[in-house]
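Residue numbers (our numbering), protein chains in the order written: chain A, 1473 to 1823; chain B, 1473 to 1823; chain C, 1473 to 1823.
Treat the hints as calculated values from the structure; they're not laboratory data.
Predicted, not measured: the structure shown is a model, and the values here were computed from it.
Every residue gets a Cβ at the ideal spot worked out from N, C-alpha and C, and that includes glycine.
Be aware that one or more of the hints could be misleading.
Said to hold, decoys possible - One-sided and incomplete, this derived list gives chain B residues near chain C with beta-carbon spacing under 7 Å:
hint : residue
1    : 1585
2    : 1637
3    : 1674
4    : 1750
5    : 1794
6    : 1795
7    : 1798
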Amino acid sequence: MQLAFSAADIAAIVHPKSIKGTTSETIRDLAALRAAKPGDLSFLGNPKYKTEVAATTASVVLLPLDYVGEPSPGQQFLFVEKPSVALAHVCARIEQLLWPKPAAGIHPTAVIATGARIAPSATIGPFCVIEEGATIGERTHVQAQAFIGRNASIGSDCWLMPRVTVTTECVVRDRVRLQPGVVVGADGFGYEFVAGRHEKVPQVGNVVIENDVEIGANSTLDRARFSQTVVGEGTKIDNLVQIAHNVRIGRHCLICSQAGISGSTTVEDYVVLGGQAGLAGHLTVGKGSKIDGQSGINTDLAPGSFMKGTPALPYNLEQRINVLRKRIPELFKRVDSLEAELSGLKKPSAP
Amino acid sequence: MQLAFSAADIAAIVHPKSIKGTTSETIRDLAALRAAKPGDLSFLGNPKYKTEVAATTASVVLLPLDYVGEPSPGQQFLFVEKPSVALAHVCARIEQLLWPKPAAGIHPTAVIATGARIAPSATIGPFCVIEEGATIGERTHVQAQAFIGRNASIGSDCWLMPRVTVTTECVVRDRVRLQPGVVVGADGFGYEFVAGRHEKVPQVGNVVIENDVEIGANSTLDRARFSQTVVGEGTKIDNLVQIAHNVRIGRHCLICSQAGISGSTTVEDYVVLGGQAGLAGHLTVGKGSKIDGQSGINTDLAPGSFMKGTPALPYNLEQRINVLRKRIPELFKRVDSLEAELSGLKKPSAP
Amino acid sequence: MQLAFSAADIAAIVHPKSIKGTTSETIRDLAALRAAKPGDLSFLGNPKYKTEVAATTASVVLLPLDYVGEPSPGQQFLFVEKPSVALAHVCARIEQLLWPKPAAGIHPTAVIATGARIAPSATIGPFCVIEEGATIGERTHVQAQAFIGRNASIGSDCWLMPRVTVTTECVVRDRVRLQPGVVVGADGFGYEFVAGRHEKVPQVGNVVIENDVEIGANSTLDRARFSQTVVGEGTKIDNLVQIAHNVRIGRHCLICSQAGISGSTTVEDYVVLGGQAGLAGHLTVGKGSKIDGQSGINTDLAPGSFMKGTPALPYNLEQRINVLRKRIPELFKRVDSLEAELSGLKKPSAP
């Protein structure tokens, strides 16, 4: 997408504390410092790239307040508290251009049950199916090809992208964004072993997604065996994540891609779960814990834990073991030598 | 969902061996012992919660035959062989209320090829696409937005939830339940490296899903390069699982979430594969083997194996190594000390 | 599917260098050497199965030029450069029978925005949604229930299988095959932590899929924070793979199932990433590197690296450590013994 912001437009979005230099270029794109050319907006998000600022040919650069340096001719520096946050505000403006707010209303192809209640300001896209008793809140956008089951409830100001499924009785509160292909409310994986066969335990609870949650593409959240599977307010879940039945995730957690949380585990507020990490079932992961990518957790964790490995150990211990691990072949040789030497020490006394 | 069972309704479902106490409460919900309040049905599924029975205020409690204790006033105990199985039977009744059997028939929006054969008692939901030569069996429910490819065959009493895909020539037998987003019959991942490029090996076999299989949300099963990829009778597969081309899974296996099985591997009957576990290609995993979560298997396994780790070792050995692993830093120090001491022992003889 | 090739039909497809024997059987199926019966085509793809050729009852067998042996009566041997490539050519012919080229045109149920441009030779299936400004190239087949967002561009000769999503502004070039449920252009996972909450960083870049790429079922590719997420020409991606925002994958890579690549990582040409492997963010994986299944990479890799484990080590070192790992319990005992012996050696001198 071709942008067309003036430097003044950018300043009006990011509210700089101070400005150095001027540019008459139209801002047509965003780029990293090194890749930027005239007509680009760039930013210093990570201090390790500080030396790239002097050489960048970006027309406008977002910089932290403590950056020391002068713009080139025809270049403008905007000094802000946090350049990455300022950039996010510019991106939010661009996002509105990429996805303009659709008109309210129900696409004529959508199949809406008589007893479903759709807020007048909501937008329902083509080929959506909304069953009996389901409700869709004000200004919510159900984009296309979504399935909303019986008595499911979607709050206001949500955005359900194409091909989202929210099944019977599940609850999605306000300002929730569900990426394409998300499944909220698949059956939990529960069976009783009876006479040599796995007999299904019907899963009759639901899923509750609290305010301001975002869930990534093709992630799956299982309905509770009974009662609820819960994702707390403000938690962000990446793509291809599995949340099993009766899991309770707290507020403001980050769950990275392809992580999995097994049944009935509780994750407290502000936990960060790295990509491809796995939590066993029936655990509690304490508030603010961080779990490194690919780690496997099979015990409760105290608040503030920082864990790594499978089975996971405290991060620093795991790192130390990983350094020593490379020297295990050498360690075996050293023990061989010790044994040989000791055996040599004992022998001389024999003859 | 608000339930309305009498205590007598519950007893009629679970057929208790004996009953203690009476309650006039209407059962409106299910709850764990500790969370339950009057109007709830609860159960003692795991003996470790036995002490919670005396304190629960659930109106009806399902208990094992050997439980010793008396109900509170207004509370009823139902004694059954296996409380968790009894609860599953109650849940099965609730499931029928949550998902009432739909009327037979084809939704007017569905696109059904002239040559497709749909049993008169089947239900085809909105926006389904059923291609030429496909067949749908008696009482099968294809819920919404499903795609059934040319000559694919779905048996009787199946439930295909929203957005399921079953591609050309694939076979799904009877009483199979496919959760939302399942893909049966994607192309296997096969290429020949020719002149610096990966040339596709067309995948012209199919997938066969035997009776009573269940497959979780967004799981993917690849069609065979030629011949068949097979999932055996009664096997249950969780969400986001990958089954590669020409895999053969036996009967009554449990494959947990995010596990992956590489091409041409055979998994015999009654195998349990933990979450995020991976099997390399062209292996045989013997009958009744158990593989712990996140494990990686790259050799054949004898029947009854119990494995853990990557690459996996017998469970008890892996557990023992995991205990010792934490002490590896200490072990290096001990070897340092031994070397120093031994060197000290040898020196004194010098002067 | 029942085939009906004559031996001459097979020869016309594979162009054998030489032929031994004749058969009058109609070829009705493909089978491995051991499983084949009269009427089957088989092949010797892997030399380790060479001894099975003499016993096979396949009617036609594809063999390498250096195979020494005679066909049975009524059996035909076709000698070719690479039997597995020859088989792939036969499979390509069968593929055309399984999925005959659909007629050009737009299914009457598809919802196509006025400003979308669909090539006259393209095929758009039922329930597809194609938004304003999107373009679909010549002979491309968008099979069913796909979603193509605003200004997205799909090249020529592509095949988008059922339920594929390509969001706003994303670019798919020519001869790309997207398996069912693929999501191209979900939001990248980016947040700024502000006042105790994760504030979304809008993701306003796109995804570019170059020529001849194939992407497996339910895989997800995130749009860039800004600029582009790129998959290079000829790269093949398996099912349930996660490609994060701003990742750049080179040409002719193989990314196996359930692998994940974190944000801003660059994967150079001809890299092979094993199943369930994970790459951390902001890395460069050098050209031609191979990464074993389930490995975790958290450092840059030089071209031609061959890595295994988490965190990954050079393959041979990791293999050696894995052999020694089983002996760690024994190693602890040996160090215990050494300490005891050394302590014994020192004591005698005391009295």
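Structure-based check of all given hints:
1. 1585: Because about 10 Å separates residue 1585(B) from the closest Cβ in chain C, which is outside the 7 Å limit, the hint is violated.
2. 1637: Because about 4 Å separates residue 1637(B) from the closest Cβ in chain C, which is inside the 7 Å limit, the hint holds.
3. 1674: Residue 1674(B) check passes; min Cβ-Cβ to chain C is 4 Å, inside 7 Å.
4. 1750: It holds, given that the least Cβ distance between residue 1750(B) and chain C is near 5 Å, below 7 Å.
5. 1794: violated (10 Å)
6. 1795: violated (9 Å)
7. 1798: violated (11 Å)
Checked against the numbered hints listed earlier, the structure breaks hints 1, 5, 6, 7; every other hint is satisfied.
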